[in-house]
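Chains as they are written, first to last, in this note's numbering: chain A, 1 to 150; chain B, 1 to 213.
Hints in this document: simulated from the structure, not taken from any laboratory. Since no wrong hints were added, every one of them can be taken at face value.
Using 20 Å as the maximum straight-line C-alpha spacing, the simulated DMTMM-like pairs for lysine to aspartate or glutamate come out as follows:
#1 B:Lys142 - A:Glu80
#2 B:Lys44 - B:Asp118
#3 A:Lys87 - B:Asp130
#4 B:Lys44 - B:Glu101
#5 B:Lys139 - A:Glu80
#6 A:Lys78 - A:Glu101
#7 B:Lys186 - B:Glu85
#8 B:Lys109 - B:Asp40
#9 A:Lys87 - B:Glu194
#10 A:Lys146 - A:Glu105
#11 A:Lys35 - A:Glu123
#12 B:Lys109 - A:Asp43
#13 B:Lys109 - B:Glu47
#14 B:Lys90 - B:Glu47
#15 A:Lys146 - A:Asp70
Just a sample of chain B residues kept apart from chain A, beta carbon distances all over 12 Å, derived:
#16 Glu25
#17 Leu26
#18 Pro27
#19 Ser49
#20 Gly53
#21 Gln54
#22 Lys90
#23 Lys126
#24 Gln128
#25 Asp130
#26 Glu202
The beta carbon of each residue, even a glycine, is placed where N, CA and C say it ideally should be.
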Amino acid sequence: MNNRRTKWHYLLVLLLLSIMNSVYADSQPEIVFEKFWIVAAPDVARSTAGYGVIKNKGDVADTLINIRCDMAMIMLHKTEITSGMAKMIHQSNSVIEAHSELLLEPMSFHLMFMDITPANFSEGKQITVKFEFETSGVSEVNMTVKANNY
Amino acid sequence: MLKKLVILLFISLLSVQISHAEGDELPLFSGIGGSFSAVDADGKAVEFSDFEGQVVVLSFGYTNCADICPFTLGYLARLYSKLTEEEQTKVQIIFVTIDPEYDTPGHLKQFIGHFNSDFVGLSGSKEQIDYIVSLFQAKYQKLSVLNTVPTKNIRRVTPKLFSDESDEEDKASLYSHSVTLYLIDKSGFTRSLEYTGTPVDEFVSKIRGLINE
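Let the sequences and hints guide you as you build the complete structure.
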């Protein structure tokens, strides 16, 4: 009898753990990187841009707190056009809400690679960028350098 | 025979009407544009009147711009490729730097050549550039971030793999600037203000209209 009761207790605990685990999993951000590429830089360029989409498929928001690249200084910028003037604005601590995305595209949000060696950013090269999120931690994304095909 | 003549007459009337429709739609912007002097990518002095007889698309920018300037030059390269070879000889794409200190003629030539070797990059003294900017009622402003900080000094705080470190200071700066594309007719008058977002076919149609004027 006691044995049977212990088994039931054991199963109940397992069930509770499973429910808790599922609730916890549902309340995590899920960061996904899609279609990232970098614009091939002219031979004399000191900077270039990268574009793509960062999706948060999870149920809670996450914040991009740092971006790193061994091949260049890198920042998340946004080009804003006001009264015909384009202005680049540095973005820090970008929040990506649950089930939403941050679209990086020309004349909007973009990764700005500065102080580059153009040979490293020529067509076909691979560049690794590390994105650090407050909750999700660090993700490495490999990006291909492609010709400007706007 | 008569039937053929009627068809030919109809086609020629139609083509005249189309070319007029393209050109006639464009007003003349008084007070935007005019004559100026600059330095071309070979270091030679040029006058804007040197381009008389050609339809000109003029834009402002700088080579250390990572997003909108390469995007605009890529857009202009696509636009230019839509023109026939004969039309291309009647059109000049001009990119005027707003950072003449950094964008020397040789530097500009290599940068512009990445997009299309037919494009003309214009530089000059700061006074010359400021005059051209004011002629076209454009604006530019150095951004405070990284304003006077040499990029070499910024590099020191970010670990990076470089094999070709140079002691020469690189004073590339960041700017905000006008993004208008000025469509100028063969007589040097500004006829339309476009943007990189203008559908390419629509822009090409306007250029053709001015070529046929």
